[in-house]
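Chains as they are written, first to last, in numbering that gives the first Met the number 0: chain A, 0 to 427; chain B, 0 to 222.
To be clear, the hints were calculated from the coordinates, so they are not data collected in a lab.
All of these numbers come straight from a predicted model, not from anything done at the bench.
Just so you know, nobody snuck in bad clues.
Capping the alpha-carbon separation at 30 Å, the derived lysine-lysine pairs in DSS-like fashion look like this:
(1) K214/B - K142/B
(2) K336/A - K287/A
(3) K336/A - K199/B
(4) K200/B - K214/B
(5) K101/B - K210/A
(6) K336/A - K214/B
(7) K199/B - K214/B
(8) K199/B - K287/A
(9) K336/A - K200/B
(10) K321/A - K101/B
(11) K336/A - K321/A
(12) K142/B - K200/B
(13) K287/A - K200/B
(14) K142/B - K199/B
(15) K214/B - K101/B
(16) K321/A - K287/A
Partial selection, computed: residues in chain B whose CB lies under 8 Å from chain A:
(17) Y181
(18) F183
(19) V192
(20) H193
(21) R196
Cβ coordinates follow ideal geometry from the N, Cα and C atoms, glycine included.
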Amino acid sequence: MLGAVFVIGLIAMLGVVYVATARDLTARSDRILHATAQRLLQVPADQLPDRIRYELRRDRAGFNYLSLVAADGTLVVGNVRLLHPLPPGHPVDAESRSRGPFRLVALRTREGETLLVGRDISLLRDLRHTILETLTVSGLLTLLCVAAAAIGFSRAPLRRVRALQRASREIAAGDFSVRMPIAGRHDELDQFATTVNATVEEVGRVVAQVKGATDAIAHDLRTPLTRVRATLNALHHRPHDATEVAAGIRQATADLDLVLERFAALLRISELEAGRRRAGFRSVDLGKLVAQVAELYEPLAEDRAITLSLATRSWSVEGDDKLLFEALSNLLDNAIKFGRPGGRVEIALIEDERGDAIEVRDDGPGIPPEERDAVLRRFHRGQGVQEIAGSGLGLSVVVAILHLHGLRLDLSDAQPGLCVRISLPRRE
Amino acid sequence: MAAILVIEDDDATAAAIIAELERHGHDASRAADGDTGLDLATREAFDAITLDRMLPGLDGLTLVARLRERHITIPVLMLSALSDVDERIAGLRAGGDDYLTKPFDFAEMAMRVEVLLRRREQAEAVVLRGGGIECDLVRRTVKVDGEPTRLLHMEFRLLEFLMRNQGEVMTRRIIFERVWGYYFDPGANLISVHIARLRKKIDRPGRPSPIQTVKGEGYLFEG
Chain A
0 MLGAVFVIGL
10 IAMLGVVYVA
20 TARDLTARSD
30 RILHATAQRL
40 LQVPADQLPD
50 RIRYELRRDR
60 AGFNYLSLVA
70 ADGTLVVGNV
80 RLLHPLPPGH
90 PVDAESRSRG
100 PFRLVALRTR
110 EGETLLVGRD
120 ISLLRDLRHT
130 ILETLTVSGL
140 LTLLCVAAAA
150 IGFSRAPLRR
160 VRALQRASRE
170 IAAGDFSVRM
180 PIAGRHDELD
190 QFATTVNATV
200 EEVGRVVAQV
210 KGATDAIAHD
220 LRTPLTRVRA
230 TLNALHHRPH
240 DATEVAAGIR
250 QATADLDLVL
260 ERFAALLRIS
270 ELEAGRRRAG
280 FRSVDLGKLV
290 AQVAELYEPL
300 AEDRAITLSL
310 ATRSWSVEGD
320 DKLLFEALSN
330 LLDNAIKFGR
340 PGGRVEIALI
350 EDERGDAIEV
360 RDDGPGIPPE
370 ERDAVLRRFH
380 RGQGVQEIAG
390 SGLGLSVVVA
400 ILHLHGLRLD
410 LSDAQPGLCV
420 RISLPRRE
Chain B
0 MAAILVIEDD
10 DATAAAIIAE
20 LERHGHDASR
30 AADGDTGLDL
40 ATREAFDAIT
50 LDRMLPGLDG
60 LTLVARLRER
70 HITIPVLMLS
80 ALSDVDERIA
90 GLRAGGDDYL
100 TKPFDFAEMA
110 MRVEVLLRRR
120 EQAEAVVLRG
130 GGIECDLVRR
140 TVKVDGEPTR
150 LLHMEFRLLE
160 FLMRNQGEVM
170 TRRIIFERVW
180 GYYFDPGANL
190 ISVHIARLRK
200 KIDRPGRPSP
210 IQTVKGEGYL
220 FEG
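Model the full structure from these sequences, guided by the hints.
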């Protein structure tokens, strides 16, 4: 379509150039004819035949045509004769059998004779032909070049589209390490590929996370379930006395409770991560909430001879107070559980150069830097804490709750002990 | 003995619920679908209902809403496999009195039914008495052996809840739900330290504490 428009345009343009050039050449030739004729008309009538003879003699190349025709049509002098009468003043093309094409104009003299002035135009014709040929050849060359360029240009994007198709097929087949090729031209295809790559990256991350979580779930649910199965199997196949049976059932029930607890926590995390609860967000006074959590846990701290200190100030966020209470409870519970008996635990709402934050600090063994990321993952339990009860999902629930509120959680060294910091992510 | 209607489509679960309620000395009847359940609840006098959230025919939410529309105020314990907090809120908003997520501990289910039955009996109670303790719900004062004892706000609520459910074992989870109003697991020790604090204030030397610990289950107020 575009090609056809281009070809028509090109032909039209070359045509216009040719016609304009040809007209211009003819017009120049006609001006010379008129000038010559006017010059001859100035010559007195009695001298005109001699002047014509003189002019014809001087024209050795035989380039000019000159004649004087009497009113009765007889040739007075000259080398051209009219077969048909010519309208005076309008140059016309004519053809001589022996000398080729020429252009001729007829003018009337004051004496009623006709002066014929002509010029050979074979050179002009040749020039017109040359121009036509040049234009045609250059037109064809342009067409060829444009066609070649068009094919080249359309094949490059086609190649890129094919490469994109290949990549998308590989991604669809489940390989999330594949990325759409980016040519670096910042065009629409590049923008498209960049968007798709970002999506693939996110999907890949989620899939990896789900797989990690699934593996962890499989492991951590399978372990107690296998124990339950073994206990029930033993009860079924071997004779036992009543106390053994009761102990076995108690053990199996406890294991199943652990499974259910983990299951419930996982469901809660997925519910939180789905983010549906944001609809019910209201302004929550974190200062008040922190005080309530501290009040709830104060007896537990006292029981472990831990000094629980509280520092609050005003900080309100949009959120769900029950969920935030749960997250803070979990953190304080951990601090008291994993802190040093007889030590200190501090929950404080602070404002420092990094902004508003809630910090929960203990002076227990802390978490080694290399393990800090891992404890935020599902089911992870720190080294040497196996004897302390818990599903291992507590911090994952906390992270999910904070994530829902757009808050972040950072673990750092409280020297000694652990410092857990809840804050708004910095606005870059 | 109370008459309890069990609306549950799963046979095994229904049988287990009925067995547990009968073990607690109640008389349990069963409806296997929503329409039968609504019909029975409307025609016969029950003291409480356990209601499955997902039922063939009329679903649990609609059923409880219909009951409330007809001004039938029988306490309803909703049982559901949907653990979503929004589902719990929906269940309570439709008119359920309590909400328990499947799979549940049958003893806890029975305990929650007891709580509902008692709440109905004691709705108008002004003073709770037992174990030498007098708990005035209007003045919010406590007397131990006739001697005024100062309790903190949450301590008072904890004592009130245990006394309202005298003779019944209450798990730490239901205590946390009913006294503090939170629906997450507070961990093994939190409730026990609060109970220990309360005991320090209401126990008197020379006689056993009215609040007994039932190992592995929960706490029991014995008057």
